[in-house]
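Listed here are the chains, written in short residue letters.
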Amino acid sequence: MSLLRLENVTKRFGGLLAVNNVSLELASGELIAIVGPNGAGKTTLFNVISGVFFPEEGKVIFEDRDITRLPAYRRAPLGLGRTFQIPRPFGSATVRENVAIGAMFGTLGSRINVDESLEMADRYIDLVGLQPHREKLAGNLTPVEKKMVEIARALAMKPKLLLMDEAMAGMNPKDIDYMVDLLIRIKEKEKIAIVAMVEHIMRAVAGLAKRVVVMHQGATFVDGPTADVLSDPRVIEVYLGGPSEKSKKDLVTNQTS
Amino acid sequence: MGMTGYVDFGYVTFIALGAYGMSLGITYFYQVEGLGIWIVFIGFLLALLLASLSALLEAFIALRLRGAYFAIACIGINEGLRHFIEGAKLWGGSEGLIFSGSLIQAVGRETANQLTTFWADLAVFIIAALAAFLNIHYMRSKIGYALTAVKEDEDAAKVMGVNTTKYKTIAFLTSGLLGASVGAVAWGLKLGYVFPGDVFVIHYTVECIVVVLLGGAGTLLGPVVGGLIYGLSKYWLAIIWPGFQLLIFAPIIIIIIVLFPEGVVGMLKNRVRGTALERYLL
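Chains A and B, in that order, give the protein sequences.
Here the first sequence is numbered in our numbering, starting from 1 and rising by one per residue.
Here the second sequence is numbered in our numbering, starting from 1 and rising by one per residue.
Bear in mind the hints are in silico, worked out from the structure with no lab data behind them.
Be a bit skeptical, because a hint or two may be false.
To be verified - Simulated crosslink set (EDC-like; lysine to aspartate or glutamate; CA at most 20 Å straight-line):
(1) K136(A) - E262(B)
(2) K142(B) - E119(A)
(3) K142(B) - D228(A)
(4) K142(B) - E190(A)
(5) K269(B) - E116(A)
(6) K136(A) - E95(B)
(7) K142(B) - D175(A)
(8) K142(B) - D223(A)
(9) K136(A) - E86(B)
To be verified - Per the computed footprint, the stretches of chain A lying under chain B, defined by three or more beta-carbons under 8 Å from a beta-carbon of chain B, are:
(10) 61-73
(11) 105-111
(12) 182-196
(13) 206-218
C-beta atoms are modelled at their ideal positions from N, C-alpha and C, and glycine is treated no differently.
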């Protein structure tokens, strides 16, 4: 049984076709990367999956249940967690309170009280390495730390699927390595599926996921094993505007290193 | 207001409807035999009912409008209701309802005196205590966390599984019912009359908001501290510079808001964060 299935999903904003007839299937516990240049429709696709927008056409199926028109707040308790492109922690609350909010309204919902949520928050704060900032206000953290708060908050929801919008944008190479390592650890430890969206850090993609989906102009363009996708001349063309021997060679060396 | 981040410029509507509920209860039921003192409770129930309806209406608007648009819509409801009551000659129109006589007829002069003095004042204290209790309870329960999430980022809150509609409605109903309770006893029962021009006054809402901002929004002690600063300085200035008090008062408020954007209590709270004192300053 697939965890998430998109069937011919289309989302328009006026005349702009943001997501065009996308079909995608994801198994439980699978980690995939979605890549694509700016404006390829990745974030819109995420918003359709998490319920921020409803699609004009097509279906979103989560664990055999049609959730196409289910409001966002009812998807979270089913096991859908996400982070945002620009981290959006609740700034006036402490890191611990932020993460606890995830636990309170996630899949555990009414089965968990405030104190248990705060305890659970501590566990995920440790996992993402934010212990020293536990009692700080989330609004006062650095962007990378805020991203970690969001990941901990989404994990505290105990989701079955974690959608990571722009997992590594604006990070330095050291942080990227940490993030790749963290995501793989999360997948192993929490046994959840992760869809990580990466704009153009191919080095990270190669180390992160076994399967990559490339989006271009709203459509899924290539979907397959990472090594094949990254050396696909069509993908290189989308990113670099034309095939070139050097770029091909770079990508191949990057993914094997 | 402090918890959701929605600034309700129409808060006085709840107080006014509370006053009207009480007045209507007494005006229309005083002749019913055997009710006696129960007409006060009927009035109170009517106050709560009217406030619930208006709180639901505001919650409904808050689902669609945010920030300044919401504030303006609430002022609109307030002014609209006032002119509707005056224009449609509803509930006595602009002549209001004067019910002190009816109250005396229903419960007798002695009891009526006690009701409008001792019991009305006591009720205000009980309502204030109830408000403080609810505030503490909300802050420590899931409701408080949900409202924090709504205040900070509604879209993120929804994605986290927070039913923002439900929690906003809870917040508006709580604030509406408390406002109506105060209106029913302190403005309705205590005065013995109600005029639309006296109760639907935006000025009172503005005063409430200034008090909350001075003290610190979203804190328990904030409004109390803000109220003391506001009330004392306003009357003190009125005594030493009669006629000029507002001229001096306005810059003082501006200075305080600029110096302590989170309010006096909010500023103290940030200072003591992480120290042993934190527990005593909610």
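Return the numbers of the hints above that this structure violates; sort them in rising order. 3, 4, 5, 6, 7, 8, 9, 12 and 13
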